[in-house]
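Residue numbers (the working numbering), protein chains in the order written: chain W, 1006 to 1561; chain P, 2 to 270.
Mixed in with the good hints there might be a few duds.
Here are the computed lysine-lysine pairs in the DSS-like style, where the Cα-Cα straight-line distance is at most 30 angstroms [claimed, not checked]: (1) W:LYS1390 / P:LYS178; (2) P:LYS178 / P:LYS90; (3) W:LYS1386 / P:LYS90; (4) P:LYS90 / W:LYS1230.
Simulated from the structure, these hints should not be mistaken for laboratory data.
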Amino acid sequence: MKKQKIPKEYSIIIGGAAGQGSRKAGLIIAKLFNKLGYQIYIYEDYQSLIRGGHNFSQITATEGGLANKKEKIDFLLAMDKQAIEKHKSKLKKDGFLFFNSDKIEEKGIGISADKIVKELNGLPVMANIALIAGLAKGIGISWNILETILREDLPKEVEKNLSVAKKSYSIVETVIKIEKIKHSESELMTGNEATALGLKAGGLDIYFAYPMTPASSILHYFASKQKETGIIAIQSENEIAVASEAIGAAYAGKRSAVGTSGGGFALMTETISLSAQAEVPFMAINSQRMGPATGVPTYGAQSDLLFTLNPGHGDFEKFVVAPANGEESFYWSGKLLNLAWKYQTPAILLTDKDVSEGTFSVSKNIFKKIKKEKELVWLGKGEYKRYEITKNGLSPLAYPGNSEAVVKVNSYEHNQFGISEEVDKQVIKAMQDKRLAKFELMKKEADTLDVIKIFGNKNSKTILVAWGSTVLAAKEVAERLGIKMVQPIMLSPFPKKQITKAFSGAKKIICVETNATGQMTQLLRANGFKIDKSILRYDAQLFSTEELQAKLKKEI
Amino acid sequence: MKTQNNNLNTQSPNTWCPGCGNFGILNAFKQAIDEIIKNGTKKEQIVVVGDIGCNSKIADYLNLNSIIGLHGRSVATAEGIKLAKKGLKVFVFIGDGAGLDEGVSHLVHAAKRNSNIKVILHNNRLFALTTGQFTAVSPKGLKSVSTPFGAIEEPINPLKLMLASDAGFIARGYSAKIEHLKNLILSADKHDGFAFIEVLQPCVSFFNNIQFYNERIYEIENNKNESEIKALELINEWDYADATKIPVGIIFKKQRPVFEEEAYKLIGK
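For reference, chain W alone in the conformation it holds in the complex (with noise of 0.2 angstroms):
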């Protein structure tokens, strides 16, 4: 067998006590390598708290392929002990630890960061300049290439910064040389980024949501953004306020969409309901983290699929989509949005924490991939009917101020001018059908769309599914032991058509996830499929490719 050229990877923690700037520290580390060609993710580590515990980012930096956690590192920096006591057993054996050697004794390329800090003047928390810097000067890295991007990145006290990173470039020796490499040009961001820049490009105009953790980071985007986007984001009371505020703006006709994790989206299931009932458009970002209830707030899990995939009472279809990394936290929640809007329906993109807050390369021919598209609307001719029946379901648009119609929008079941009808049981009767027709117009849309992706050997009889935030690992695992791997994208409407095609001749279907009982192998076993085997991690923990690894070896 020819052996596998395998791809130049770096891996990366840098750790410390919350408020150190560990998280700040990797980003910047993160831009290092991505302007030598690298594709980037990075993985948040952190919990609930204010200051203190333990937190860190672990940046992966590989040449080719999604980038994903890997259990082993090339180099720790650490900011405190802690990060030592923690990480260091990670560290490969060619590995190289940075550390501050005003806090800790070490073996390593000790900086003494807080003197250097403290002889320029400078912020306690520009410690972690000092490592980052150092690490730079170690690993070659032209200070060139380091000044720019902390000029970047650094918005407030420059000067001083830049002061402490000189003084320790000076300071420490280059011990690797990290090679520069060519790829296409990719902008680093979280996914929850690329997942409000998608919603820009696919015609935005408010953002509504209550904080809560791992979605927050899109109402911040929004709430810093708003006079360049022109797009209103509003912090309410409560997720019950948020969800019907995106309703009102909906009928208004506005686009609107609204962002929470899984406590917070049960307390919108009402009115996703409403959405289906009243035909309004509702877009929601539902970002898991490990429930139940409060669970683990701070870490990742893949634990509301199936929640998700049933929010609110009555018979109704909607769009669920879950990507898997920042370019797919793009190009679906723009593409979600026109559907809601298209479909005049509900559509949901669960992610999770993983995919949320952690950052990727995202190459920037996306963005060109989502535009607003039209929603169908009232072209003026006879009497407005909010609830005209047509033949493919479908009734269009109009909004309030329109001199030609009265909009009347209702959670009751209604007749075609949306006045309830409570009585008349073929109203009622054929209200049911017109939506069940659009629901089928759905399920077309989503035969033309690419809702599943497949990785790895396609020839291969074995066959790996993973999905959100397990297909990082998934994938390169696959492509390592020669295996098929199918991701599905879209979960509802589910894409039994393009499944089915991707499992023909399987003889073992492997499924792997992080929760505790299977829920994609229920879904998939639900429609028919039948799985072999689950595979599934549940310590608010994701798969390394490593693990993932030895644990499919045993199964094939």
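Starting from the known structure of chain W, arrange chain P on it as the hints suggest.
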């Protein structure tokens, strides 16, 4: 371009009980809307937001833009409408169960943020459509299907709640005083900001207190409406139990920055 027929009636059969206080509210509102349209507002710029309950059927009976949403959530829905298109005039019809039980948080926050919506709370002091259970404004001791031995809770005072929430316009009307109520609605419409009108509305089927109200209700005179202390005195004249006098009219009025205007400033519009 066609223009809308200004007739406010629809084909929907009216299912309110004969003699229901809701008829008075519907009539007062129609008269107010006629006047608002006469004064230059286009009919299509008016939106009625219904909740769930007898009161909210009003949306079906009006040939105006309307949305009937979820129980207790009409205030939040209305805020979304107003924020999306601030040129619209948004009137919310909500019951005491929806406004003060199920969705009380939205009422408090809409007042606090001064969303420029007009909330008309039909207060019949119990859940009627669900056959007469007690609500947050039912008097202590009220015997209902869910409190067969008498309600053991004290009622909330909605006007006091609104005053504490910094509502910029607080009024009380009576469904039997149609002209007076029409004028309250017109004043609320003129007020730039959040407006709350509580309408005392007898429920002929489950809590018929027409006589009680007729003997006690009086119209407030010579109130400049600007003093919180004076407002509180008026509010305290009746604690939703027994009383000798129940004031109706504008209780309090204060101009504050309007939420939607502030929100649009942030996007530079």
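Here's how the hints hold up against the structure:
| no. | hint | result |
| --- | --- | --- |
| 1 | W:LYS1390 / P:LYS178 | 35 angstroms, violated |
| 2 | P:LYS178 / P:LYS90 | 24 angstroms, holds |
| 3 | W:LYS1386 / P:LYS90 | 26 angstroms, holds |
| 4 | P:LYS90 / W:LYS1230 | 29 angstroms, holds |
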